[in-house]
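The chain contents come next:
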Amino acid sequence: MIKAVVNDGHGTDGGQDPAVRRVRVRILRQDIAGGESYWERYEIPHEPNMNVISVLQKIAAFARTQDGRRVAPVAWDCSCLEEVCGSCTMLINGRTRMACSALVDKLLTENGGEIELRPMSKFPVVRDLVVDRRRLFRSLERVKAWVPVDDSYDHGPGPRVSPEQQQDAYPLAECISCGCCLEACPQFNKIELTRREGESEADFEARRQQAFDGQFVGPHAISQAMLFNSHPTGGMIADERLEALTGKGGIQMCGNAQNCVAVCPKRIPLTRSIARAGRAATVWAIKKIFDR
Amino acid sequence: MSQSKILVVGGGLAGLAATMRLAELGVHVDLLSLVPVKRSHSVCAQGGINSVNALTRQQGDTEWKHFDDTVYGGDFLQHQPPVKEMADWGPRIVDLMDRLGVPFNRTPEGFRDQRRFGGTLYKRTSFAGATTGQQLLYALDEQVRRHEVEGMVTKHEFWDFLAPVLDENGLCRGAVCQDLVTMQFRAFPADAVVLATGGNGLIYGRSTMSMVCNGSAVSRAYRAGAWYGNGEFIQVHPTAIPGADKLRLMSESARGEGGRVWVPRKPQDPRDPRDIPEAERSYFLEERYPKYGNLVPRDIATREIFDICTNEGLSVEKDRLCVYLDLTHIPRETLDRKLGGILEIYEKFQGVDPRSVPMKIFPAVHYSMGGLWVDYERSASGGMAEGSLRNQRTSIPGLYAIGECDYQYHGANRLGANSLLSCIFSGLFVAPSLLAAQAEAAGAVNATKLFEAEIRRQEERHRQLLGRTAGDENPYDLHQQLGSLMTRTATVVRRNEQLAEAYGEVCGLEERWQRCAVSDTGNWTNQNVVFTKALGDMFPIAKLILKGALLRDECRGAHYKPQFSMPGIEATDPVEKRAEAERWCDRFEENSRKWLKSTIAACDPEGNPEISYQDVDTSIIPPRPRLYGLVGGEVIEEVWKERLAARAAAKQGVPEAATAAT
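Protein sequences, first through last, are from chains U and F.
Heads up, my numbering is the position in the first sequence plus 4, with the first residue counted as 1.
Heads up, my numbering is the position in the second sequence plus 724, with the first residue counted as 1.
Honestly, the hints are just simulated from the structure, not real lab data.
It should be emphasised that the depicted structure is a prediction, and the values quoted were computed from it without experimental measurement.
Please note that a few of the clues may not be correct.
[Claimed, not checked] Covered stretches of chain F, going by a simulated chain U footprint (3 or more residues, C-beta under 8 Å):
id, region
1, 756 to 767
2, 834 to 841
3, 862 to 872
4, 933 to 939
5, 1062 to 1075
6, 1140 to 1149
7, 1194 to 1206
Ideal Cβ positions, reconstructed from N, Cα and C, are used throughout, including at glycine.
Based on the provided sequences and hints, a complete structural model is requested.
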């Protein structure tokens, strides 16, 4: 997204004062969707309290590699810078995480004085560190992650909810759709399609959706399905969500690697949701046999 | 291109609320946003949403009091009918969000819990942990996704709004926008266009706002002829966490839950704050404002914190201005349950646990009270007439504005937890007005040629920017300079000489912008050129903020000029006190006659603001002095009440509402 260098009073010319400690950064770049990727190195002056976003801002302003070659600024997504919008996911020193909350001093100690940035590997690269995460949102449609209200007119308050129920639901509702869990999941694999010659935009979109729908929905969507199934009104279409979760690309694909819960920046109990969904799916499958 | 549709630009709370309601009404919506709508800046709102509720009602609260708190907090600069309507809708809106599944915090019996926010004495604020904005946004995002599946909504995410397209009658017929991935331009014909594009914090460089809050869409509408109202009113939030890339918000709810602001009485006391005894701490907000304490309205808290650091030299640190915001007296379990989200932000970015060590905070630019001027139609009951073509309409027919990017609800200062309400309210309320606009637009002639011409114009502008590779200016450096200048001159304390000088400097920066070099000349996800373009669009807004502030020689809400401040009563002798209060009220009345007016900026062809003033509709609640904690406030209040009573008696027989004007 649109971003700016904001660091009052500090120059951004990457001046060569040898007394200033420098941060070395290695970035895996790619100019265009489907293009070749390549590494580039940068060096910027170190400042206290830097995060990866401020590193990328400096690189954008300076737009030169370590050896002084002028290059196009690195593209990346970001917006809120406080780990609540879910935009800036990338692989930082090999680990999937949010760039805004990745503090430079910590990174340097864990990776020998260099920071390595790569785009997420489970989504098609749009450019540099920007990836196309539409599939993540499509999964939310597949599991009907909403409360099916009649309309938005006044019908009084929602159902009474105990504090325990609220405290159970709230952590699941904090999912920022960053995609970290999908990046870490061994069962979630990249789908990258290119538009065929003569294919209309609508046809391409339909083909993409079909490809998405045949593959794993992902831990985030399973957790959202459980969130809405546990809501008194949301639960009124619990069966439809279970139908989706027991269908193609559903919960049976989870291999229980538990990587998802380990990388979630919001510490959402994803494996607990998956376990719940597994039990509910079993009960529902049995019920379906007897209802036949 | 289907015939009947509406273009909503921006997918935060306001844009999503409007989209949801329109889809329900059977209108197809094109929803366009710089980012996936679920990532909009509304997610950053933390504290809660205000409305009268069952509990406060039994303590004497009413919609009227919420309305009164809002206009008093806003220093009476808002037209009152829209604010009244909003306060009336409050309970319905919170009920609706509850039904949509927002996990509001609960009382042991299972009712929604509420906390107290600034500028009121009632616990009106419903909340979902400390991420209320996120939760409200998600609930609306989910409903819109549902309508999207049903085919009523088409999302265009990673798109930039470039210009409204107006026909020869001046009617807005749609917009031209750009795909930020492929960089292609496209026409979006629509029966009406709604801007819901939020604030413009990026003009100040670092603020609590997200990187998408650059104000570019509003600036482009302003350049096309839409008026801008009350631009100089920018809220500086009292409590933010200083950072190199962003000033992260520390919600007012921290004080709502009992957080206390203090500084050591000894300047830069080197001791660990926990070792400083009570007697050696100055809880300066509680000392100066015994009634509201730490929950005085934001502009006042901000000025006090700013003042104690800059003028009294009591900043906690020497090189970095900050004060303590202390939660350590509250049980950890309570903090985690009610404020978990924001405390985690502090811990993550500062590396210190605010549950055991007082936080260090300082004010930061936070909210634009001003925005696109919008109209409304007054109803018989003093609110807004639902479904009127005029509600939320900008000065360009067919172009509407809602949410933070309109100027309508918060006057000179916004109360905490009122923005989520105004966003959802204006989004829902505008929907029937858009239906009326659709009916109006039905007979208009084909506008294909207009769109083609606008696309050519935009392509040309884009090509020119891409061609600027040899310039000697760096857009990121210029942005930094603009941000520092605006922060220094047009935030907490404003002085005419500085404002005049800053205006000249902004013009200089704008000229230098013409010589900006782009370092990326490609036509694929070119963030460099998009940023450069957005930066160019910040200057017209920066200029109207500065000019509005320069011309407004008074203090009102967030706009504070020491030269024109009205200090409290100094006299101690009762007779003299009384005489002084009389003089104070005379001056107040004179000032109101002169300055109780909306600032309206219209853009001239060069991009400079032409400022004029409009009367404010204060026909429902007569303006009164804003006296939070002012020394001698009780005498002033007494004198003021007597004057009002005398006036009412003199006017007997004249119906008050008949003086209303919009």
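Going down the list of hints, with the structure as the test:
1. 756 to 767: holds (count 8)
2. 834 to 841: Since 3 is at least three, the answer is holds.
3. 862 to 872: holds (count 7)
4. 933 to 939: holds (count 4)
5. 1062 to 1075: That given contact holds, which follows from 5 residues of the region 1062 to 1075 of chain F lying within Cβ reach (below 8 Å) of chain U.
6. 1140 to 1149: Our answer is that it is violated, as 0 residues pass the Cβ test (under 8 Å) against chain U, missing three.
7. 1194 to 1206: Per the Cβ count (5), the hint holds.
When the structure is compared with the earlier hints, a violation turns up for hint 6 alone.
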